[in-house]
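So the chains spell out like this:
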Amino acid sequence: MSESHQHDDTSESETLFDAPPMGEQERMVEAVLFASVEPVSVRDLEVRMPHGCDAAEALAHLRKRYEGRGVRVVRVGDAWAFRTAPDLGYLMQKETVEMRKLSRAAVETLAIIAYHQPCTRAEIEEIRGVSVSRGTIDQLLEMEWIRFGRRKMTPGRPVTFVVTPEFLDHFGLETARDLPGLKELRAAGLLENRPPPGPLGPREEDEDDDEVIEGQSELFED
Amino acid sequence: MSESHQHDDTSESETLFDAPPMGEQERMVEAVLFASVEPVSVRDLEVRMPHGCDAAEALAHLRKRYEGRGVRVVRVGDAWAFRTAPDLGYLMQKETVEMRKLSRAAVETLAIIAYHQPCTRAEIEEIRGVSVSRGTIDQLLEMEWIRFGRRKMTPGRPVTFVVTPEFLDHFGLETARDLPGLKELRAAGLLENRPPPGPLGPREEDEDDDEVIEGQSELFED
Amino acid sequence: MADRDLFEEDTLSVTERLAAEALIVDVDGFEGPLDVLLMLSRTQKVDLRTISVLQLARQYLIFVEKAKTLRIELAADYLVMAAWLAFLKSRLLLPPDPSEEGPSGEELAAHLAFQLERLQAMRDVAARLMGRDQLGRDFFARGQREDMMRIRTVTYTATLLDLMQGYARIRTRDEFRPFVMDRNNIFTMEQALERMRPLIGFAGAWTDLTSYLPEGWEEDPARRRSATAATFAASLELVKEGHMEIRQSELFAPIQLRKRDGRP
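Order-wise, the sequence lines are chains Y, B and D.
Note that the working numbering gives residue 214 to position 214 of the first sequence, counting from 1, and the numbers run on in steps of one.
Start counting at 1 in the second sequence, then tack on 1000, and there's your number in the working numbering.
Start counting at 1 in the third sequence, then tack on 2000, and there's your number in the working numbering.
Each hint should be verified, as a subset may be incorrect.
Estimated spans, in silico, between C-beta atoms of each pair [what the hints assert, rightly or not]:
# : chain 1 : residue 1 : chain 2 : residue 2 : range
1 : B       : Arg1065   : D       : Thr2015   : 37 to 43 Å
2 : D       : Ile2186   : Y       : Ala122    : 23 to 29 Å
3 : D       : Arg2197   : Y       : Arg157    : 45 to 51 Å
4 : D       : Arg2132   : B       : Glu1038   : 16 to 22 Å
Simulated from the structure, these hints should not be mistaken for laboratory data.
Backbone N, C-alpha and C fix where the C-beta goes; we use that ideal spot for every residue, glycine too.
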């Protein structure tokens, strides 16, 4: 490594008369490299360490000590730093899975497909009364809850959508026919005889504000 | 350390069929702890490491390896981190962060919360004999040395304060049980919340002390 | 100072008096009465557990009196403490009155001693805490962040209930399509006019208004209502234009129309 170790014992004992033992010096280099934000050069190390220390030798010892360990002492330009061993890089990835509720537009689109499959995009739009964004369909396709069905034998031969086995699995259904009908929905209180309350204007919480005003609720209030 | 490694080889090969050798596991823990500035819990380690690893045992090996070195594996609450050895702090002038000087009120408030936690504002005021300024609490919250704890089940359900893992990390405490002099204070009864006798005490606002609150109750749950 | 006689009974040494005076000069440096009491108790140089609260009360009252003579504004809580200590002092000095309610002087004194000891203990441990090795000053965390690569995957989910509610929402909307938007059951006056203009040529005799209703609009009450109203409005328009005559014999009687055939 460095030139400073070409000295014989006598000259070394003269210059390093009160230098800490090499083991101590190694500890120092270890701590400094660890705590430093930037890689540290041998010169920097020597400036920091007590007078008479041999940073280069301490560094060499330290490198040897970390050989094959989970972290290593690596050279960055003319400075030194700790880095995790490349073969362990995969441990530094943290995967987080975030659960989010499906948007209202997506839920409605999905429901229409489930109840009316095979169902074209135009049909979905007709039932929902608003246009269906490309993103909503893509999202459902990506989730593998819907897939393309046969093309319809109508002009333009539009594609249709159907629900997938994954969809049935997720919702605990054997077939799409197990979905409760309107009567059952009504019996379950899900179909109220009144449109959802709210002002006439588009609802602010909707992502798809293009929605047509639904139900003039006020007209039917007694 | 965990039990899973007390097995003989046969049973081990059954349960940890594809776990890496312990030396490898130690390297993994080393790499993860090194890479992370924040302390990492055994649980987090295990989530990151391949299936079948025993993070606790690997950690124990690692701690031993770093004993007396320039960096050490220290416990912070229920997590672990590498920290430089305190005796080498003088080498790190460059890294030293200028700490905002805490007022006497803030230091005392912090100590009272640490030793009496969970601790209400009224209790802090009772102990210090003066009202606690909003700023003092805010400063400690901002430094992330204290946080809100559970509300006390006393009239008014006052909020409590507890110290954080950042506090433990900052002061090099493994757990809040390691607070200096904690045992002696408890033995001397100085951590009891003793209500003033009768209605004649100099501070009359502490009616919420009718229950016997044992200091640091949640520290000794386990 | 005139007050001196007042406190001649107090067994304070000169040093204690000096200490008390020094306190007054620096009253702003104290954090409340308890802090002052703790400082005063140091002059007793004894274990806080065996402190003489009576002596402490006297010292404190001197402190407050001196502050008054020096016209130092004392915060209210100093005065509250003074009043309380004066009360405590009297309780401690007088023989206990068995008829009196509440805690004894000794109990109150013990609690005050406890408070002082506890405050002192907290100050001691606070000093010990701050004296510890501290992160970022004496020991250090890893300087270089090798930040965890965060791979975030977002999974969307919905429940069967969400699905059914979504569907119900759409179907409910259908049943309550906006009334004004629904043209199926509306017969407008323009439509009625258009229909009647060619017809009135044949209405030489009085004819019931209802016979002008368009086909298919007689059965459904809503449609019938709309068509009737539109036809009536159209009739009035035609009368106004001078093409028709209209009559109703009495209230709610049938409305009849006929062509106004150049009659005056």
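Assessment of proposed distance window 23 to 29 Å (beta carbons of D/Ile2186, Y/Ala122): 27 Å, holds
C-beta pair D/Arg2132, B/Glu1038: status relative to the range 16 to 22 Å that was hinted: 20 Å, holds
CB-CB spacing for D/Thr2015 and B/Arg1065 relative to the 37 to 43 Å hint: Violated, at about 59 Å.
Outcome of range test on Cβ distance (D/Arg2197, Y/Arg157; 45 to 51 Å): 47 Å, holds
In the structure shown, a violation is registered for the earlier hint numbered 1 alone.
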